[in-house]
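Take the sequences, apply the hints, and build the full model.
These protein sequences, in sequence, are chains L and P. So the mapping is simple: the numbering used here equals the position in the first sequence, first residue as 1, plus 19. So the mapping is simple: the numbering used here equals the position in the second sequence, first residue as 1, plus 2.
For the record, the hints were derived by calculation from the structure and aren't laboratory data. It should be emphasised that the depicted structure is a prediction, and the values quoted were computed from it without experimental measurement. Careful: at least some of the hints might be erroneous.
[As the list claims (entries may be wrong)] Result set (BS3-like, lysine-lysine): computed pairs, CA atoms no more than 27 Å apart in a straight line:
{"hint": "1", "chain 1": "P", "residue 1": "102", "chain 2": "L", "residue 2": "90"}
{"hint": "2", "chain 1": "P", "residue 1": "102", "chain 2": "L", "residue 2": "75"}
{"hint": "3", "chain 1": "P", "residue 1": "70", "chain 2": "L", "residue 2": "87"}
{"hint": "4", "chain 1": "L", "residue 1": "130", "chain 2": "L", "residue 2": "24"}
One letter stands for each residue in the lines below.
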Amino acid sequence: DQQVKQNSPSLSVQEGRISILNCDYTNSMFDYFLWYKKYPAEGPTFLISISSIKDKNEDGRFTVFLNKSAKHLSLHIVPSQPGDSAVYFCAAGTANAGKSTFGDGTTLTVKP
Amino acid sequence: DAGVIQSPRHEVTEMGQEVTLRCKPISGHDYLFWYRQTMMRGLELLIYFNNNVPIDDSGMPEDRFSAKMPNASFSTLKIQPSEPRDSAVYFCASSFYGGKTPLHFGNGTRLTVT
Numbered sequence: 020d021q022q023v024k025q026n027s028p029s030l031s032v033q034e035g036r037i038s039i040l041n042c043d044y045t046n047s048m049f050d051y052f053l054w055y056k057k058y059p060a061e062g063p064t065f066l067i068s069i070s071s072i073k074d075k076n077e078d079g080r081f082t083v084f085l086n087k088s089a090k091h092l093s094l095h096i097v098p099s100q101p102g103d104s105a106v107y108f109c110a111a112g113t114a115n116a117g118k119s120t121f122g123d124g125t126t127l128t129v130k131p
Numbered sequence: 003d004a005g006v007i008q009s010p011r012h013e014v015t016e017m018g019q020e021v022t023l024r025c026k027p028i029s030g031h032d033y034l035f036w037y038r039q040t041m042m043r044g045l046e047l048l049i050y051f052n053n054n055v056p057i058d059d060s061g062m063p064e065d066r067f068s069a070k071m072p073n074a075s076f077s078t079l080k081i082q083p084s085e086p087r088d089s090a091v092y093f094c095a096s097s098f099y100g101g102k103t104p105l106h107f108g109n110g111t112r113l114t115v116t
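Shown next, in the form of structure tokens:
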């Protein structure tokens, strides 16, 4: 049973437009959600997070939205830049547990 | 801090050989994780440690895999004997408090078993 799902393996957008990456989860115990970005030949790097007590968190061009009733979160990148081209992983965990569960990732391509 | 350091970056070995992957976490981080990335299974957690103690090894595929953390600054993941299906990128990550705090990943070890 895959508890964190990223149903879109890939996404392509034009530079300057909005990128929206989606993530669904099944475990209602998750109370902390994180997004990571991964470039080829590098490890994932942390991008932005949100706890379940919030429905939105913003950091510069990146905003994460959480819809607890739908068990859905999304990452918005505005405006998108070619340097944003990478694989984006959604992860979920509980504040009192050690581990995070990752989705399979979405490959974002931003075209100049 | 130099970040999480993994070695080697690449490992090519023959089926049946022993493979040892190494990791140095960020100083002060209490949690250490070993992940494996494959095309078929995405990024899967193999095992994690808290204060050098293994907490959850339910992701370790089989007895051929073992992991140790003899001290706060070093961990190993060993595969013996290795098989072609073990070919993957293995990541080590560390964090302060586990699930709710961001993980800091190393750059991974790309393992190829022929």
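Taking the hints in turn, this is what the structure says about them:
1. 102(P) x 90(L): It holds: about 17 Å lies between the C-alpha atoms, which stays within 27 Å.
2. 102(P) x 75(L): holds, 16 Å
3. 70(P) x 87(L): violated, 37 Å
4. 130(L) x 24(L): holds, 25 Å
The structure fails hint 3 only (numbered hints given earlier).
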